[in-house]
Amino acid sequence: MRYDVLIFDLDDTLLDFDMTEKNALHQLFTEFGLPNGVKDYLPSYKVISKVLWDDLEQGRTNLAELKVERFKRLFLEEALDINAEIFGHQYIESLGREVHMIEGVEEMFANLSGCRFAVLTNGFKVAQHARIGGSTLKDLFEVIVTSEEAGFQKPQMEIFEHTLDKLKVSDKSRVLMIGDSLSSDIQGGNNFGIDTCWFNPHLKKNVTAIQPTYEVQTWDQLVEIVKKQEVDVK
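Quick note: the sequence shown uses this note's numbering, first residue 13, plus one each step.
Treat the hints with caution; some may be incorrect.
Claimed, not checked - FRET-style restraints, in silico, Cβ to Cβ:
{"hint": "1", "residue 1": "Lys58", "residue 2": "Gln229", "range": "33 to 43 Å"}
{"hint": "2", "residue 1": "Glu170", "residue 2": "Asp67", "range": "13 to 23 Å"}
{"hint": "3", "residue 1": "His214", "residue 2": "Asp67", "range": "18 to 28 Å"}
{"hint": "4", "residue 1": "Lys216", "residue 2": "Glu236", "range": "15 to 25 Å"}
{"hint": "5", "residue 1": "Lys240", "residue 2": "Glu77", "range": "41 to 51 Å"}
{"hint": "6", "residue 1": "Glu89", "residue 2": "Ser185", "range": "41 to 51 Å"}
{"hint": "7", "residue 1": "Asp52", "residue 2": "Lys216", "range": "40 to 50 Å"}
{"hint": "8", "residue 1": "Ser185", "residue 2": "Asp52", "range": "44 to 54 Å"}
{"hint": "9", "residue 1": "Thr42", "residue 2": "Glu89", "range": "15 to 25 Å"}
{"hint": "10", "residue 1": "Asp52", "residue 2": "Ile98", "range": "38 to 48 Å"}
{"hint": "11", "residue 1": "Asn74", "residue 2": "Ala122", "range": "35 to 45 Å"}
{"hint": "12", "residue 1": "Ala122", "residue 2": "Gln223", "range": "40 to 50 Å"}
If you are wondering where the hints come from, they were derived from the structure by calculation, not from laboratory data.
Ideal placement from N, C-alpha and C gives every residue a C-beta, glycine not left out.
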């Protein structure tokens, strides 16, 4: 088997982050006394959050700043009298209680049972470990790396090197990085010199110069790729 080490992104690859985010925010906004929950603020929040996550990928901010700054900006824009630091801390805890699997994930792992699995995520340590631990996937991964723990984030090459070091893998040709983000998962894998697979279930158009080794819309297609490599090598 050529690819016997599969590294997965977490959010919107294995776990549904859109639902996680919406549910966690709605719960908190309700607890903070806003009767409509997050309904009135979600579009603004998503715009602010995307800007800051893009800044993180480019090294213009860090996770500690991002955790609070996104809510500072939102509450200022919406004239809400809420403490952003308290809200940001509770939001991370709320995220950890939300576990929503992407369809087909469990079957995919069962069909690739001969491989070694790892998770590489730019998310927060507490939330990501809690979500994985609350899922049926919790015993599958040899290594779980968060950017908060590693001190680097995708697409920086250092976080990929850190992950392979923890896996004790030196042969990059054995490794496939799978994720939904061209700018972090695919660009990072490309930069590091490993093959990449863009998980694109919504058929987004790639308008960037970033080219994955493979593109799949379903997990069955990933299984086919890995199994085909196994046949070709034999």
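Hint check:
1. The beta-carbon spacing between lysine 58 and glutamine 229, approximately 23 Å, falls outside the hinted interval of 33 to 43 Å.
2. The hint said 13 to 23 Å for the Cβ distance between glutamate 170 and aspartate 67, and at roughly 18 Å that hint holds.
3. Take histidine 214 and aspartate 67: their Cβ atoms lie about 24 Å apart, and the range 18 to 28 Å holds.
4. A C-beta distance of roughly 21 Å is found between lysine 216 and glutamate 236, which places it inside the suggested range of 15 to 25 Å.
5. At roughly 44 Å, the beta-carbon separation of lysine 240 and glutamate 77 lies within the given 41 to 51 Å, and the hint holds.
6. A hinted range of 41 to 51 Å holds for the C-beta pair glutamate 89 and serine 185, which are about 48 Å apart.
7. Judged by the Cβ atoms, the range 40 to 50 Å given for aspartate 52 and lysine 216 is violated: they are separated by roughly 28 Å.
8. A C-beta distance of roughly 50 Å is found between serine 185 and aspartate 52, which places it inside the suggested range of 44 to 54 Å.
9. For the hinted restraint 15 to 25 Å between threonine 42 and glutamate 89, the CB-CB distance of approximately 20 Å keeps it satisfied.
10. The hint said 38 to 48 Å for the Cβ distance between aspartate 52 and isoleucine 98, and at roughly 20 Å that hint is violated.
11. Range check, asparagine 74 to alanine 122: about 37 Å between beta-carbon atoms, so the 35 to 45 Å window is met.
12. Here the CB-CB span from alanine 122 to glutamine 223 is close to 30 Å, at odds with the stated 40 to 50 Å.
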